[in-house]
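Trainee: We have chain A; now place chain B onto it with these hints.
Number of protein chains: 2
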Amino acid sequence: MEVKNMLFMSKGNGENSFFQNCSFTQKVVAMSKPALEKVVESLFSECFLPYQVLNVADLGCSSGRTTFLVMETVIESVKRKCRELNYQIPGFQFYLNDLPGNDFNTLFKGLSNFTEKYNDLPCFVMGCPGSFHGRLFPKSSMHLVHSSYGAHWLSKVPRLMDKEGLPLNKGKVYISKTSPAAVKEEYLAQFQEDFSLFLKSRSHEMIREGRVILIINGRLSEDPTNGEPWEPLAEAIADMVSLEVIPEEKLDSFNVPYYIPSEKEVKNIVDREGSFELEVLETFPIEMGDKSVWSSDEKFIKNLRSFTESMVSHHFGEEILDKLYDKFAQIVLQDLATRTEPSEVISFVVVLRRL
Amino acid sequence: MEVKNMLFMSKGNGENSFFQNCSFTQKVVAMSKPALEKVVESLFSECFLPYQVLNVADLGCSSGRTTFLVMETVIESVKRKCRELNYQIPGFQFYLNDLPGNDFNTLFKGLSNFTEKYNDLPCFVMGCPGSFHGRLFPKSSMHLVHSSYGAHWLSKVPRLMDKEGLPLNKGKVYISKTSPAAVKEEYLAQFQEDFSLFLKSRSHEMIREGRVILIINGRLSEDPTNGEPWEPLAEAIADMVSLEVIPEEKLDSFNVPYYIPSEKEVKNIVDREGSFELEVLETFPIEMGDKSVWSSDEKFIKNLRSFTESMVSHHFGEEILDKLYDKFAQIVLQDLATRTEPSEVISFVVVLRRL
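Note that the protein sequences, when read in sequence, are chains A and B.
When we follow the numbering used here, the leftmost residue of the first sequence carries the number 1, and every step to the right adds one.
When we follow the numbering used here, the leftmost residue of the second sequence carries the number 1, and every step to the right adds one.
Derived by calculation from the structure, the hints in this document are not laboratory data.
There's no promise every hint is true.
Remember, identical chains collapse to one label, so a pair may be satisfied in a single copy or spanning two.
[Said to hold, decoys possible] Here are the computed lysine-lysine pairs in the DSS-like style, where the Cα-Cα straight-line distance is at most 25 Å:
id, residue 1, residue 2
1, K200, K117
2, K117, K139
3, K156, K109
4, K177, K163
5, K117, K156
6, K117, K79
7, K117, K27
8, K38, K170
Extracted from the complex, chain A is given alone in its bound form (with noise of 0.2 Å):
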């Protein structure tokens, strides 16, 4: 099955969903909110505006919260820049995206907040269900693209087999200190297939002089092998494993669609994509474990639970979820205990021209 179908954010508004889970992402939004208002003054400075109608795209959006604040700091900073230029507000259009197993029902019941505030603007929002690896939007259709939090998933988990069909990784779910070579390379060669499908179908779609903004997850050393919170998630399950809970090829043949990049990594794709310039890359010395994001250790377990749920149950089953994240947590909590050094497992903010 293609990560497309199995892959979502927790459902509903309940206390295990993502919608009630989700302050790391709102955190990193709130942190990255001066360069998206950067980029709004820089599209408005330039010579393609005024617009009648300001199309804007969340990709990667779930079921809320972190996407109405996206929303709300394009309106605010174009409104702010409209005043400064004596121009008039444009309409906002804005266009809300992630795979067709997203919940949006949650996503467009949390928009009532939203559109009563501004109701006195002409402001339009879309769902958009679809794989950002493809194309969403029509030809030259897209000012301004953002997501959070996206682009580090992969569209699918990479072959991680040897030529007589064996598991490549076995005991690991992602590139880990002991996977082999190959996995490291398979995993990047996936991330390069992936990103650059992003920024070409982007390319279609986006106007000239368009802005793509984009925060995810990065590392900060040349080695691939830091990848948190997928170290701690394969010791959970080996525990199982060795409860008996879990068969060991069910570990040996489970990986995860995602990939932590360098620096070099993603300017990398860009360049040799093309039809973006590489305006800013900035690091956010952001740790998911972070104590001023999280109210208590439990919601910060909730959150780590509430994104990868869907592909764990997917592949183990449900019936041993919560046996697993409680071993998880257990994890987890005492490698935040013990940790002496910061994590080199951080955030970037990428913010792409359109040539």
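Mentor: Just chain B, lined up with the frame of chain A:
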């Protein structure tokens, strides 16, 4: 609570869902297919074509099936016409609209067959949550608007109280033979207001010469007191009142946000609003209870339940639903069995040209 927050077709794809019980609206759409094909033909015979992208909206799309037929008809008609005229086939952007409480998750999941079938075309599908009694799209952006069995829903229940605040429509839920004249007047006034607002909103959103095609419930006679399936619904609720399952005041304060207009009423509103020319107003001799639509009586009743249940449940509570719909089924089927004349309640196909 406003209608937009409590009206939706039954969710999911289980046996009581609208998705599984939309044979009637499918039949209606199949019957109106030649009219839709003709509308596409006329769009393509006029000066503002060929387009790069044809923007098409389906208003009140609910959770699927019917809307897929509409999209297919549009695409196939455009392809045929383009071959004939030696035009390049344009891209398609479909906007599927319904109230925010609609089950968009089921709609988007059902899309995969459609998008696979047309993956050789630049064809993009968006969901658009909102009320069609207001603006949904940017100015002058739509070429074709379709709405099947949507525009007879009202934005709110008319205020059916006398000066003392006592209920005007005691024991009934729609205009009935025993309803006082004020009930008819209030219902018509609400329809005039809502349908005018529908037209005014579309007039802003559509380009000149764009077309609206509506399929709505309509009545043959000028007498509005023949409201199927509302008369039997009132009877079923009254039966529950006599059994003391439902308090009488609850029935007296319940009326449906729905209006079945006559041909003359529709024409008058279009003329008075003034943005559109009425190109077509045809009647379909199709009745809800039509034997050719339903594989069984049970299916017929499930359909009636799937589009009435959300508002009944909102007013009377969930616990009475099964009992109420058993009684409703009994009354409806008995009415059908003893009916000697064809129903006065049929369907209209209305085609409007934006002036």
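Trainee: Confirm or reject each hint.
Mentor: Consistency of the hints with the structure:
1. K200 to K117: Classified as between; 23 Å across copies, 35 Å inside a copy.
2. K117 to K139: between (31 Å within a copy, 21 Å between copies)
3. K156 to K109: between (30 Å within a copy, 19 Å between copies)
4. K177 to K163: within (22 Å within a copy, 80 Å between copies)
5. K117 to K156: Between. Shortest inter-copy distance 22 Å satisfies the 25 Å Cα cut-off; intra-copy 39 Å does not.
6. K117 to K79: within (14 Å within a copy, 42 Å between copies)
7. K117 to K27: Cα proximity of K117 and K27: one copy only (22 Å, versus 41 Å across).
8. K38 to K170: neither (45 Å within a copy, 61 Å between copies)
In this structure, only the earlier hint numbered 8 is contradicted, and the remaining ones agree with it.
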